[in-house]
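Novice: With chain A fixed as given, assemble chain B onto it according to the hints.
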Amino acid sequence: MTTFQINRKYLKQVDALMLILLLAISVISVLTIYSTTRPIMSSSLQPNYYLKQSVWVLIGFIVLFIVLIKDYVWLRDAGYIIYGIGIFLLVLVLVMGKSGLGAQRWLDLKIFSFQPSEIFRLILVAGVSKYLSSVKSPLDRRSFLLSLLIFGIVPFILIIKQPHLGTGIVLFTTYLFLAISKKIEKKLLIILIGIALVVVPLGGKTIWKHLKDYQKNRILAFVNPEVDPKGIGYQIEQSKITIGSGMTFGRGYLKGTQGPLKFLPEKHTDFVFSVFAEDWGFVGSILLFSIYLIFFIRGFDTALKAKDEFGKYMASGLTFMLFLYFLINIGMTLGMMPVVGVPIPFMSYGGTSLISNFIIVGIIINIRMRRLVMV
Amino acid sequence: MNKEYFEGVASFTVYIIITVFFILSVRLYVIQILNGSDYRDAADSNRVRAVSLPASRGIIYDRSGIPLVKNKPYFYASLIPGRSPVDTHGLAALIKTDESKLAAKIKKEKNNIFKTIVLKEGLSFKEVAEIEARKSDFPGLIVETSVTRNYVYNTVGSHVIGYLGKPNKQQIEKLQLDDVSPETFIGQWGVEQLYDTTLRGTAGRKIIEVDALGRQLKELEVIKPITGGDITLSLDINLQQIAEQSFKDKTGSLVALDPKTGEVLAMASMPSFDPNDFVMGIDSEKWSALHKDKQYPLLNRALQSSYPPGSVFKVLMSVAGLDDGAITTTTPVGCSGEMHYGKWSFGCWKAHGTVTFHRGLVQSCDIYFYDVGRRLGIDKIYKYARMFGLGKKTGLDIVGGEEREGLIPSTAWKQKKMKQPWFLGETFVASIGQGYVNITPAQAALLSAMVANEGLPIHLNLIKGTLPPDESKRLKIKPEVFTDVKSAMYGVVNEGGGTGGSSRSTLVHISGKTGTAQVVKGRVKTETLKQQLRDHGWFIAYAPSEAPQIAVAAVVEHGGHGGSAAAPIVKNVIEAFVKSPYYKKPAKLEE
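Protein chains in written order, with my numbering: chain A, 1382 to 1756; chain B, 12 to 602.
Note that these hints are calculated values from the structure, not bench results.
Watch out, some of these pointers could steer you wrong.
Below, simulated SDA-like cross-link-like pairs (lysine to any residue); rule was C-alpha separation at most 20 Å, straight line [what the hints assert, rightly or not]:
id, chain 1, residue 1, chain 2, residue 2
1, A, K1517, B, E18
2, A, K1636, B, S192
3, B, K235, A, Q1427
4, A, K1636, B, K185
5, B, K121, A, R1632
6, A, K1564, B, F23
7, A, K1636, B, G466
8, B, K14, A, I1565
9, A, K1686, B, T24
10, B, K475, B, T243
11, B, K394, B, W298
12, B, K14, A, A1687
13, A, K1688, B, K361
14, A, K1686, B, Y16
15, B, K217, A, L1685
16, B, K217, A, R1419
17, B, K14, A, I1678
18, A, K1564, B, F17
19, A, K1636, B, D49
20, B, K14, A, L1753
21, A, K1688, B, E18
22, B, K14, A, L1685
23, B, K126, B, V62
24, B, K14, A, S1514
25, B, K475, B, D408
26, A, K1564, B, V20
27, A, K1688, B, V20
28, B, K590, B, P579
29, A, K1567, B, K235
30, A, K1567, B, E18
31, B, K83, B, Y16
32, A, K1636, A, L1412
33, B, K116, B, E18
If we take Cβ atoms under 10 Å as the criterion, some of the chain B residues that face chain A in the derived model are [claimed, not checked]:
id, residue
34, Y16
35, T24
36, V25
37, I28
38, L35
39, S48
40, R51
Just so it is clear, the structure is predicted and the values come from calculations on it, not from any experiment.
Built from N, CA and C at the ideal position, the CB exists for glycine as well.
Extracted from the complex, chain A is given alone in its bound form:
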């Protein structure tokens, strides 16, 4: 009986604003995927990507509400075990994962296949948060180096081996962000920056050697798009043409030509924003940006209000991570960053990434919902 009452009390605390923002982005996503995958001839069949995405959104919301039921502290309690399983899955993918588009990210579970690196994003933040909330501030040399190895370097290597450079960078950056949030000893921080200044140029060469050809191409093409007009530079150029041709008010929904005419590659996944910008123009794009901005600010607001330290790291870490995805994706479509192939959260087509993002939002809402619980 009492648990019931508590549940109802929490229910009132569910973050309606965040849910509305999420719903808005989901609707925009389905509409844009419909627009971008529509056939040139209206007599041809509409591919069912938009339907699949709708189903994923529906499942996503259900999963999100399931995540709300239980107080998120279980994640803290089971943090290290989950983290161990996550690392194990990453190793498993490297050993026996199936390859898709020159990358080995998928794990075939017979019924469906999924990308462990997607769900690992949540696992990593949980692991780091647990560790940081269990040591004292500021981080001393021993605990910093230990966490850097376990939560920074090991997963980074495992993920870029898949290879999934984008997610690797995002996760490593998220780890650093959380470590800095905890506060690092001043002396240590100075040494760290010093090492970075020396190692990055030197280590860059080694990393460059180990990059796959297509990854090298992406970076080269970013630096000089003229190099390969049909390759990566072509993608950036076409993306800019697509976005730019939207002009102030856009061509109008379903009026864009670049998506259906197949100029744009990956138009329903990584470049879905470009098609949106062509249909809706500058005005629509700024509106979309605003929705994301409010969403991220809300995430940090949740972190400030969380009832415990673990919750604060979780909320800020997860929000920061989603922001990085957004930044890298939009930066890429606008030609400001290399093409690293990360999706824009909640908008790109794709089941695993969408569901894991919904779980992430579920955790953030869970944290806000229970902010008034006495610890």
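Specialist: Just chain B now, kept in the frame of chain A:
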């Protein structure tokens, strides 16, 4: 934890995020607003173009598989829009068109990369050869082909077959929903229009990559066109031809049906027109000639003209009277050639003496049917007429939704239409198919067919192989009613004193009923009247009498008496049918 420190980092991060959003927005502003028009030009001149591949149109066959139409190519000079300017001067000279109009058209349409710009249509073979020879001087210039028709039988059956034409503005909007190019010819009349979606097929499309001049570099994707479906009509072109010839130069209409299924075997409307005139875009002289023609050749009289049925209506009156019990076959009526009612007098064309049912119908005694009408009342007449398909559309929509309903009056109708009660005198007039009563030739054929098949409600249709309606739908009319009426209709043609003697045939037993519809009030000797004041002559019939296989109705406008004007035409058609392979000789008639 250090709470203040954490809050500091979080707030700082939020500021960074806001700054990042600001930078992204500035970048967006630069791309979409400052450089937007350049990018839009780049998008519009992206190197992919679409060229339509027309589908071959389905063929229309007659009952025996004779093609009534042939496809023929129709050529356009088109331009694949490129990015470079076009030599409009040279191009205009080559395709012989006005340069300024050409330049305006190219300017207007060059940004639509989904289709080519049609410069000139209906090219002759000579023009096609000239363009092909000089094509290399004009990059992007191509000759496109579309499909149009050749109507093999010219004027014969033109109202049924219909014709193709360019879509009008409204149609273009509708067609775009189906992804049909505005250059496609579509059915504009008749079967061509009714079954347009079947016949049309689906156009294909070729997606090509072009260079900056619009020259094709390679094909990226080809969607093959799907040929339209063929249609086999129930129409017999031979029968149709004989029907039309039988009218000679007279105006009128004839409809022949299979009374079991409702299949239309022939449907003539005279005068006729040549659908080939419409195909290449009819010239305005011919068009206005067709429209100004007082005989309205474009009108399909079988469905779009209604006439008073005259005595043909007595067949319906007979069925109604006998089935309702208002009369029996032995009910006597005295005919003195005139009947008085109040201050009015109603005439008969002849003093028949004492008349019972059989002679009443065979000799078409008006006085007898005034009495039938009086006993039934107009509302029962209305009820039976509706049962036989009169006063409502047959639904054979080969006239662009402009079929006439005809008119069967009732007390309710008159109250509503004229705010007046019904008068008995009007029942008398209606009983002999005059006054308000109006039917189309198609409805007359339906009446004849439904008497021939003894009350099985059929629907007019034009597709060969239509199944007869279900037996359960048969009208609840006493079987002996049809025996009596059919015996009298046999008498009309085959007995002395019958009004339809001129359709008597040595090849087959024909049953029928004549009708003469008054154009002006009062009975005047028809031979002396001016053409447009003469009566319309009707004849409805079916054959063979013992097991009907064809039901026919014909009307000759201002033809005078039905027995002399329409009956011979009907006889010609029935005899032609008897000679056709579809006729099955019945077992010998016992007389």
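Novice: Does each hint fit the structure? Answer for all of them.
Specialist: Quick rundown of the hints versus the structure:
In summary, the hint linking K1517(A) to E18(B) is supported, as the alpha carbons are separated by about 17 Å, within the 20 Å threshold. Only pairs whose Cα atoms come within 20 Å are accepted, and K1636(A) paired with S192(B) is accepted, the gap being roughly 18 Å. Restraint check for K235(B) and Q1427(A): satisfied, since their Cα atoms lie roughly 18 Å apart, inside the 20 Å limit. Taken as a hint, the K1636(A) and K185(B) pair is honoured in the structure, with Cα atoms around 18 Å apart against an allowance of 20 Å.
Taking the CA atoms of K121(B) and R1632(A), the gap is about 17 Å. The hint holds against a cut of 20 Å. Distance hint between K1564(A) and F23(B) is fulfilled; the C-alpha atoms sit about 14 Å from each other, no more than 20 Å. Restraint check: the Cα-Cα separation between K1636(A) and G466(B) comes to about 57 Å, which exceeds 20 Å; the hinted pair is violated. About 14 Å separates the Cα atoms of K14(B) and I1565(A), which keeps this hinted pair within 20 Å; it holds.
For the suggested pair K1686(A) and T24(B), the alpha carbons sit about 16 Å apart, so the restraint of at most 20 Å is met. The suggested pairing of K475(B) with T243(B) holds, with an alpha-carbon distance near 6 Å, which does not exceed 20 Å. A threshold of 20 Å between alpha carbons decides the hint, and for K394(B) with W298(B) the separation of about 43 Å lies outside it, so the pair is violated. With a C-alpha separation of about 11 Å, the suggested pair K14(B) and A1687(A) falls inside the 20 Å cut-off, and the hint holds.
Of the supplied pair hints, the one linking K1688(A) and K361(B) is violated, its CA atoms being roughly 113 Å apart against a limit of 20 Å. For the proposed pair K1686(A) and Y16(B), the alpha carbon gap of about 14 Å is at most 20 Å, so the pair holds. Annotation: proposed proximity of K217(B) to L1685(A) is violated, straight-line Cα distance about 59 Å (limit 20 Å). A distance of roughly 17 Å separates the Cα atoms of K217(B) and R1419(A); the hinted pair therefore holds under the 20 Å criterion.
As the CA atoms of K14(B) and I1678(A) are separated by approximately 19 Å, the hinted pair is consistent with the 20 Å bound. Distance restraint check for K1564(A) and F17(B): the Cα-Cα separation of roughly 8 Å lies within the 20 Å cut-off, and the hinted pair is therefore satisfied. Taken as a hint, the K1636(A) and D49(B) pair is honoured in the structure, with Cα atoms around 18 Å apart against an allowance of 20 Å. Of the supplied pair hints, the one linking K14(B) and L1753(A) holds, its CA atoms being roughly 17 Å apart against a limit of 20 Å.
Between K1688(A) and E18(B) the alpha-carbon distance is near 14 Å, which keeps this suggested pair within the 20 Å criterion. Proposed proximity of K14(B) and L1685(A) is supported: the alpha carbons are some 9 Å apart, at most 20 Å. For the proposed pair K126(B) and V62(B), the alpha carbon gap of about 6 Å is at most 20 Å, so the pair holds. Between K14(B) and S1514(A), the direct Cα distance comes to roughly 12 Å. Compliance with the 20 Å bound is thereby established for this hinted pair.
Under the criterion of a C-alpha separation no larger than 20 Å, the hint pairing K475(B) with D408(B) is consistent with the structure, at around 16 Å. For the suggested pair K1564(A) and V20(B), the alpha carbons sit about 9 Å apart, so the restraint of at most 20 Å is met. Between K1688(A) and V20(B) the CA atoms are separated by roughly 18 Å; this keeps the pair inside 20 Å, and the hint holds. Under the criterion of a C-alpha separation no larger than 20 Å, the hint pairing K590(B) with P579(B) is consistent with the structure, at around 17 Å.
Our distance criterion of 20 Å between C-alpha atoms is broken by K1567(A) and K235(B), whose separation comes to about 71 Å. Among the hinted pairs, K1567(A) with E18(B) is consistent with the structure: their alpha-carbon atoms are about 18 Å apart, no more than 20 Å. Proximity of K83(B) to Y16(B) is assessed by CA-CA distance (about 84 Å); at most 20 Å being required, the pair is judged violated. Using a Cα cut-off of 20 Å, the hinted pair K1636(A) and L1412(A) holds, with the two alpha carbons roughly 13 Å apart.
Distance check on the hinted pair: K116(B) and E18(B) sit about 65 Å apart at the alpha-carbon level, beyond 20 Å; violated. Proximity of Y16(B) to chain A holds as hinted, the smallest CB-CB distance being about 5 Å (cut-off 10 Å). Taking 10 Å as the C-beta contact cut-off toward chain A, the hint placing T24(B) at the interface holds, the least distance being around 7 Å. Of the supplied interface hints, the one on V25(B) holds, with its beta-carbon coming within about 5 Å of a beta-carbon of chain A, less than 10 Å.
Because the beta carbon of I28(B) sits about 5 Å from the nearest beta carbon in chain A, less than 10 Å, this interface hint is met. The closest approach between the C-beta of L35(B) and any C-beta of chain A is roughly 6 Å, which is under the 10 Å cut-off, so the hint is satisfied. Proximity of S48(B) to chain A holds as hinted, the smallest CB-CB distance being about 7 Å (cut-off 10 Å). At a threshold of 10 Å, the smallest CB-CB gap from R51(B) to chain A is about 4 Å, leaving the interface hint in force.
Comparing the model with each numbered hint stated earlier shows that hints 7, 11, 13, 15, 29, 31, 33 do not hold.
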